[in-house]
Amino acid sequence: MRVEFVRAVNAVLERDAKSVFLTADLGYNAFEKLAATFGPRFLNVGVAEQNMMGVAAGMAMTGLRPWAYSIAPFGTYRCLEQIRNDICLHDLPVRIVGNGGGYTYGIMGSTHHALEDLGVLKPLPNMQLFFPCSNNHVAAAVAQVAELEGPAYLRLSISGFQNDTAPVSENPVTLTRRYASRARAKARGLTIVCAGHAAQIVNRMRETESDLEIDVFGIARYPFDLDKDVELAASVAETRRVLFVEEHYASGGIGESFAARVAGQLDAFEHMSAAYRKEQRYGSAAFHLAQCGLTPDTVAAAARTMLA
Amino acid sequence: MSLTPALVTELRHDALAIRKYFLEMHHRVKAGHIGTGLSAIDMLTYLHKSWLGADDLFILSKGHGASSLYATLHHFGILSDAELATYYQDGTLLPAHPAPGAFKSIPAATGSLGHGLSIAAGIALARKTIHGTNGRVAALLSDGECNEGSVWEAATFAAHHSLSNLLVLVDANGLQGFGATREVLDMEPMAEKWKVFGFDTREIDGHDFEQIHAACTDLDPRRPRCVIARTAKGKGVSFMEGKLEWHYLPMSDEQHRTAQSDLGGLDDARDHDKGSS
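Top line first, the protein sequences correspond to chains A and B.
Numbering-wise, the numbering used here puts 478 at position 157 of the first sequence, and it's gapless, one number per residue.
Numbering-wise, the numbering used here puts 771 at position 234 of the second sequence, and it's gapless, one number per residue.
Everything labelled a hint here was simulated from the structure, so no lab data went into it.
It should be emphasised that the depicted structure is a prediction, and the values quoted were computed from it without experimental measurement.
Even for Gly, the Cβ is constructed at its ideal location relative to N, Cα and C.
Some clues are possibly wrong.
[Stated by the list, open to error] With a Cα cut of at most 30 Å, we get these calculated DSSO-like pairs of lysine-lysine:
#, chain 1, residue 1, chain 2, residue 2
1, A, Lys339, B, Lys641
2, A, Lys443, B, Lys641
3, B, Lys641, B, Lys780
4, B, Lys557, B, Lys586
[Claimed, not checked] Some chain B residues judged to face chain A by a derived CB distance under 8 Å, without partners named:
#, residue
5, Phe613
6, Ile615
7, Leu630
8, Ala633
9, His634
10, Gly638
11, Ala639
12, His652
13, Ser655
14, Ala657
15, Ala658
16, Ala663
17, Glu720
18, Val721
19, Met724
20, Ala728
[Claimed, not checked] Chain A is nowhere near these chain B residues, computed Cβ spacing over 12 Å in every case:
#, residue
21, Thr546
22, His564
23, Thr647
24, Lys665
25, Gly714
26, Glu740
27, Gly779
28, Ser789
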C-alpha cells in the first residue's frame, strides 16, 4: 500500500500548503520525491518517534496539518503518550501513518509486527482509525484523512494473501466495501466482516456452494457509522450471524467493538484474529497467518460451520 | 528591552505579589505542588512581564507548576478572579496540571514530563521554516524532567534545526519526586549537557532578575538558547526551601500564616529577594 499512499499523499501536499510530512527516518526508496519536491514541508526527524509526535503537535498548533510516518509498531507504541496527550487531547489534525499493520513484516520478527496498534489507539479521544482493505482502497482513505480537523491513524499493510479484488460496491462515506452478495438472498446466510486487509484473506476463498449464502464486507474506519453503512447493517440484520476476520489480536481489536455494536441483533458471532504464541517461529506474513489459523481455507471452514 | 533598576523593583514586587496569591490559592483548596511553583515564579514573572510579546508563546513543560502559571497569568490580568476562584475545584478549567484547549495563554496540556520541549520545538520550527514568522517560543522544564529521554530527542532536534527562536529554561531546584536530583539520577553537569547538545547555554541564579534578563535576551541567531536556572524549591518560605515534602504537602492554617509572614510585605520585596537567593 505504500506506493499508493505516496502517490495519494503527494497529491495532498500539492494541493494543501498547510500539509507537511514528517518521517521518523523511514521511507527509503519511497519518499525521495516527496523530499525533493516539498522542501521544508518534508522533514526527516530522525529515529525519534516521541519527538516526532510532539513536534507534529506543535506544528499543528500553528495551523499546519502534519502527516507523521513510521512503521506501524514504532509509530504507535513508543510514542503512545505523545499521541494521547499532545495530539488527541488537543484534538489536533495530525495524521499518523503506520506502515506494516498486522504481520506485514513477518520475517522481520515480533518487534516489527503490529497486532495491537488499533487496540491502543482505538480508545483515544478524538482519534479516528483508517485501515484500508487493499492497495486500491488507499487513495480514498488518504483523501478522507486529509480532510479531517482532528487526529487520525492510517494503517497500511501488505497481506500474506495478496488480493486486490475490486469491490462490488464501496460506500463513499464510510469506505466500507461490499465484496460479495448472497446469491440466494432469501436464505438466512452469513455476514463476513473483515477489518482492513484481512479482506484479502477472505477474497481468496475458493467459491463453494456455501459462498452463495455469504455476504462479504470489508470495513476500513473506526468509529463505525452503521447508520450510514446501510448495506452492511441490512446484511447483519438479515443474517443475524457474523464471522469477523482481522489481522490484529482479538483483545482490543476492531472485532470486539463491532460485536458490542451489533450484539443485540445477533444469534451468532465468531471472531477470527491474530493470536500470540509463546513458542513463536518466524516467517512470511502468510506463514504467520497460517500459524494462527487465518487462511482462506480456515475462514471458509468457519463459515461453513456457521452456516450448517 | 533594557532592565532598568525601576523595572527590577517592579519585577520583585510582581513576583512577591504572585507568591502571596499563589500561597493563598493553595491554602484555600489544600493543594500540593507548592515548592515547585515557588522555585519557578521569578522566571514566570519575568517571562510574562518582560519577555513574551504578542507573537510569542510559552509552554510550561513542567506541568506540575501549573498553579504558579495560573497565579502569574492572574497577576497580569490574563486570567480573571472568577476563573482563579475555581482553581482545583470541581468543574474548573484550572486543574493541578494544565488542561488542553482551555486558555489561549496555556497552549499545551502538560503534566507528564518530557512533552513540552517537543511541542515548543514543533511550533518554533513551523514558524521559522514554514510560516516565516518571527514569534518566539519559551519552554520551562524542571531538572527532574531532564531524566526523560524525550527531552534529549527534542533537544537534539532543536539544535539540529538551529531553532534560534526557541528559549529553554530549566528550573534546576535540585529536587525531584522522591529525592535530590543528584542522588536519584544525577544530570550534572547540566549546563555542559545542553551545551554539547548544541544549545547556547547560560547558567544563572533563577531568582535574580538581572541574571534572568541577561540570559533570556540577545538570542543567538544560529542556535537555541538554554538557561539553567539554579533555584530553591519553596523559594521565599523558610520552612519549605529545599524540602522535598513541599512537592506534595498542602499547608495548614498556621503554616500558611508563617509562609505569608516569611514573604513579608511589598516594602520588603527587594531586601527579601536579595537576601535569600
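Item to check | Numbers of the earlier hints that this structure fails to satisfy, in rising order | outcome: The structure conflicts with hints 3, 5, 6, 7, 8, 9, 11, 17, 18, 19, 20, 23, 24, although it agrees with all the remaining ones.
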